[in-house]
Amino acid sequence: MKVASKRKTSGAKADAAGKKTPTAWEKVALARDAKRPHVRDFIAAMCDGFEELHGDRLAADDPAMVAGFGRIGQHRVLVIGHNKGANVEENVASNFGMANPDGYRKAMRLAKLAERFGCQVVTFVDTPGAYPGREAEERGQAEAIAKSLEFFAGLETPVTVVITGEGGSGGALAIAVGDNVLMMENAVYSVISPEGCAGILWRDGSKAPEAAEALKITAHDLEKLGAIDGIIPEPAGGAQKNPAAACRAVKKAVLASLDALAKTPREELVKRRYAKLRAYGNFF
Amino acid sequence: MGWYEQKKDRAPVPPEKAIWAVCPKCKSHFGKKAWKDAGGICPKCNYHSRISARERIAITADEGTFEEICAGVGYSDHLKFHDASGAYKDKVEAAKAKTGEGESVTVGRCKIGGHAAMLGVMDFAFMGGSLGTGTGERIARACEEAVAKRLPLVIFSASGGARMHEGILSLMQMAKTSAAIAALKKAGLPFISVLTDPTTGGVSASYAMLGDINISEPRALVGFAGRRVIESTIRQKLPDDFQSAEYTEKHGFIDRIVERGEMKAFIARMLDFWGF
Ligand SMILES: [Zn+2]
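Protein chains in written order, with the working numbering: chain R, 1 to 284; chain D, 1001 to 1276.
Any given hint could turn out to be false.
[Said to hold, decoys possible] Taking lysine to aspartate or glutamate and the EDC-like style, the derived pairs with C-alpha atoms no more than 20 Å apart in a straight line are:
id, chain 1, residue 1, chain 2, residue 2
1, D, Lys-1186, R, Glu-268
2, D, Lys-1089, R, Glu-210
3, D, Lys-1091, R, Glu-210
4, D, Lys-1237, R, Glu-156
5, D, Lys-1080, R, Asp-221
6, R, Lys-207, D, Asp-1083
7, D, Lys-1186, R, Glu-156
8, D, Lys-1080, R, Glu-213
9, D, Lys-1185, R, Glu-156
10, D, Lys-1089, R, Glu-213
11, D, Lys-1025, D, Glu-1246
12, R, Lys-271, D, Asp-1083
13, D, Lys-1186, R, Glu-115
14, R, Lys-112, R, Asp-41
Derived from the structure by calculation, the hints contain no laboratory data.
Please build the complete structure, drawing on both the sequences and the hints.
Listed below in structure tokens is the structure:
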């Protein structure tokens, strides 16, 4: 379904008063810009009465994943998002937004509550990837991501996804299975980081710009591939230039999505989501 | 100096002429014949080495019962992907020629110890068993066919993860296959996942870890992130058995480690017990 405010074609082309469209690699830099709004900025700008909740009830609370209930417009929602942090101190405290299994399990636990109490779910995706750590593996990083994919595919409440910065592989996808997947204009979303891809396929990490181009990771490329449902325009030069305006644009798109999804009959929801997932890359 | 130059001048021994087989896990050397007689299972450390999809089908499905489905579903080069060593299209065509398979997974109906089942088998020799759009489509169709025919599903995984050359749509196959597995379970059908050496990345983080039971073979590598990536992130050396099937079983994510020679009988017993 497509309910985002969809300004056609590239925003960079749109503000093309002589400016050229950023390359994929330039978009990677924009997507990673520390001054870009992060999950707590979006929550502050969009939610009334946000109540953060902690823990997966199994082992830990993951600071790399923020979750809690609040209102967006007249909608009661569960917000889930990767938490990169706004400065070095916060970056370290939240592990640069790289979730452990506990983060995905917290997301599932609370999304189940949202389902029970008829709240919609909104996720903000911004992570370099799931954390590659020893304890992460021991506590089942692969299983946590797999479970999350299976879980969100079957969740009987609407899910709106916003890729706000870096959509890093499985760690991003784990909270990016939904009914309406939106992407900010300068965000990127990829099966592997350009550096990682360059290291493997070019055997040279410095070829990341080429890998970024080849992988097709920009919002406009992903929309063409049918991997996302809509693009949220950013202020001229990128969200970091005017975070407040960027948050307003995201709120507008999310509200439109919540309004549209509220009308979808519950019994239709999971069926439609399945059909949507099923159609990814079906060339036969 | 002399011996060094002599050695350098000597032509490398082609692998098929080599006398020695080396266990990739414990690095022990064996006579080629001894290794072959052991069925690719290390006589020293019990590592179960990688086998082709057809070899796996031969030791899993009852003789003559395997009927492949969607053999025509293959890769897609929607990105026209090129890297330093050439075009994706050429690499995947070479993988097809080398393995004789159309994709990194082969799926079909069969009987396992008399029990009708849907079987999927991945082949690591096909581009590292990577999960591309064709792979995901085959897995999804296997799930749907299993639901339509009321068959239990068994998948043997062997994969390094999602296929980079097909970009974001490879990543989306993780979601697609997981949704298809969810639908199969919702229909009341069991999924037995067998994680063989190696099962990592996007495959372990989707259908492979979603088995109603997850089985592995001795000493198989099972994990999410690569050892080197983890070691460079945490700046620590990891234990030797890190991400082994045994280590993963100890941490609670593998139900049981089953020897290759026992695998078919074990799967058949579980299917029998569950009434399939
Ligand atoms: Zn060995």
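Evaluated hints:
1. Lys-1186(D) to Glu-268(R): holds (16 Å)
2. Lys-1089(D) to Glu-210(R): With a Cα-Cα distance of about 18 Å, the restraint between Lys-1089(D) and Glu-210(R) holds, given a limit of 20 Å.
3. Lys-1091(D) to Glu-210(R): holds (19 Å)
4. Lys-1237(D) to Glu-156(R): violated (43 Å)
5. Lys-1080(D) to Asp-221(R): holds (13 Å)
6. Lys-207(R) to Asp-1083(D): holds (10 Å)
7. Lys-1186(D) to Glu-156(R): Holds, at roughly 14 Å.
8. Lys-1080(D) to Glu-213(R): holds (11 Å)
9. Lys-1185(D) to Glu-156(R): Between Lys-1185(D) and Glu-156(R) the Cα gap is close to 16 Å, so the pair holds against 20 Å.
10. Lys-1089(D) to Glu-213(R): holds (17 Å)
11. Lys-1025(D) to Glu-1246(D): Holds, because 14 Å separates the two Cα atoms, which is no more than 20 Å.
12. Lys-271(R) to Asp-1083(D): violated (38 Å)
13. Lys-1186(D) to Glu-115(R): holds (18 Å)
14. Lys-112(R) to Asp-41(R): violated (25 Å)
Of the hints listed earlier, those the structure fails to meet are numbers 4, 12 and 14, in rising order.
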